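These are the residues of each chain, in order.
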Amino acid sequence: MKVFYNLPIENVKEGENMTEKKDRNEEEKQHHDADDHHKLDLRGTFMMVMTIGGLMVLSWFAVFILFMERM
Amino acid sequence: MSNYTGEEIFSSKTKVDKRDGKLVLANMAWVAFALIIGGTAGLLQTLVRSGQFELPFGIGYYQLLTLHGVVLALVMTFFFIMGFQIAALSRTAGAFSNTERRLGWIGFAVMTAGTLMSATMIALNEASVLYTFYAPLQAHVIHYIGLALVIIGTWISVAGQLMRYFRWKKENKGHKSPLLSYMTAINNVMWIVCTIGVAATVLFQFIPWSLGWVDTINITLSRTLFWYFGHPLVYFWLLPAYMVWYVVIPKVLGGRGFSDNLARLAFVLFLFFSIPVGIHHQLVDPGIDAFWKGLQVVLTFMVIVPSLMTAFSMFAVFETYGRSQGAKGLLDWFKKLPWTDARFVLVFIGMLFFIPGGLGGIINASGQMNQVIHNTIWVVGHFHITVGAPVILTYFAAMLFLLPHITGRKIDKIANRLGLFLAYTWAFGMGIMSFAMHWAGLRGAPRRSQYSEYGGAEIANEWITYQVMQAVGGSFLLIAIIIAILMFLKLITGPKADQAEEFPVARFMDQDAPLLKWVENWRLLIIITIFLILIAYTVPITQMFTENIPGAKGFKLW
Amino acid sequence: MHKFEKIWLSAGTASLAIFLIIIGISAVHGGHTPAASGIETINPEHVRDDARFKEPGLKESADDDYDYDLYFVASAFMYEPGEVEIPSGSTVKIHVTSPDVVHGFQVVGTNINMIAEPGLISTYEMTFDEPGEHLIVCNEYCGVGHTDMTSMINVVAGGADNE
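Residue numbers (this note's numbering), protein chains in the order written: chain A, 1 to 71; chain B, 1001 to 1558; chain C, 2001 to 2163.
Isolated chain A (complex conformation) (with noise of 0.2 Å):
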């Protein structure tokens, strides 16, 4: 356990924990007021979502492939 014990945690200040670093944050941006998700740049989500739909795709057809060769 002493292994890790001392081992530092991101930006976490002396005596604060998790939570408290995370409400700090929160207070110190100010950029998410009254968000319209149209403005919102979402070019990552949707590489992340299209990927897997493309798994998705890929493996039920593999699937069915299988499927047909066992007919």
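Keep in mind the hints are simulated off the structure, nothing from the lab.
Note that the coordinates shown come from a computational prediction; the quantities given were computed from them, not determined experimentally.
This list has only true hints and no planted wrong ones.
Pairs of lysine-lysine, DSS-like flavour, derived with a Cα cap of 30 Å: (1) Lys-1176/B with Lys-2006/C; (2) Lys-1336/B with Lys-2006/C; (3) Lys-1328/B with Lys-2003/C; (4) Lys-2059/C with Lys-2093/C.
Chain A is already provided as a structure; the job is to place chains B and C on it using the hints.
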């Protein structure tokens, strides 16, 4: 007791009521205990199936497998869900009334009694029928009574939870209910509607039959009523995990939830489409016409949609947060996520497993394609990377903050480190084990089998290699379970803090958008839910009565 | 809704719809409806009295649509017949029932995978083109002997007599 309609919900200082907290802790104690017993059983199973191990003390393999399924899939999950939902309601709607809390305690007691009854029967080898208890294998009547009591116990607890939610609605007319409270209400309504099926088969078929009051049982009907319950069961497990993903995780990051309205819509879709789909577990059963199997396949595909919505919301929250921290590229916002916070890492790893988990589920549901993998060990791989990863890891993440929140402590560095080790060890063990299960299943390896060389058949050698792999994976999983238990212990011991650990509740980007009124029109929601069930089930179930299918006598073949 | 979400959900649901259409056409037109569908009853206590299951095994079919009927009895803990030879190229309709508890009937390496229930007969039709061995395993828990409940289908070359 106060009702929260304002900013207090999002404050890190708002807490689960102290008295409700005791009830939550009691439920969580069962979770930890069940995890140890069920997890140990699982490891022993993989060791037997590797061909290198024999069970000690005359324990039967199928006795052990029954224990594993009942303890993890029913006992552990139900106690967690009751505890978590009570905490969520107390945290966002406000403290329970004495009556509501008392119902929670009575429910807990009844669930405990039922669990102990069934566990005793399983231990006495009187109920080695596996957690699906398919007829006409016949267990001791006390086992069925025990299972019924577990369900009835949840009804009692759920009644208190629904009372809390509807009281908030009454005392805050015209206001949008807190999202977390709303989500528990959806899950609870879905639960009540779907448990009617398993309660009906247990109370009106299994109990009279195992008592000898009736000679035979209608097998097709019993299987169908079980799966009418059995599919929504997995959403009952999943929705509390989604509650954490939608409402807690954005606050853990320090950002906002993506869309409150879309989250409610997703949950409504789960309510509608989780139940009228049970026959997709019976796609190769006789006694059901192909048309109704096909209809339920179509309905099953509809329940995939709210998960597609959830995937988008999750990434959107991560990306928006990452960009608020300065990320500019296509995917470099990933680096900005809190990779040293175990609450996030446990959930994220769970989400990763849900990708192949979901894809596998779509394949399973695809009508005649189900024959490629039906009752093979692929299916076991599938549910281990759904309930056994995204769901359970999220439950662990919830306990990571709930336990100190309720006991007046904070998550300290050691507990957090244990959480990280838990996440990575679980991922490693489950990755190896589930890969081996999926692959062996595609090669035809059956599920619910112990060790056999199948008379020297060539294909069996291949299966056994994967079973050894499963034992390796399973061993790492037991190590992960030990880490989890240590983590729980760390979280409830040690010095108390001035300000207890937060139960994070996120504000949403569209927090002030007007509510879609119909999502809280419960009469409408229930009518649509029942309507879909009637369409999907009336004819097939009627046929089970009218087609003169001979009933079956009971057998005890273990 | 964000435009990317609209695109994603459209693409996602369109893919699901395509899957359903493929499965649907394969089922209706290709005849690949899910195994064991339908309701054909039999008294589980009189399975052995039934002409078809008295001596289970491969029988020439009286029906023009296929070559053989293959009758199996699945019981705790064996299949009858314990082994069967099928001429390659023949179309076989398999019928399985159980006189006791629910069993599985999975012919490894094929799409034959269904449940055998006492009181009902499960059927599936398949053309066995390739010679080879196919292990049959029980994949629905039926008791202590479940794991070792097996049979074997041997598809032998030599062609089917299709007249």
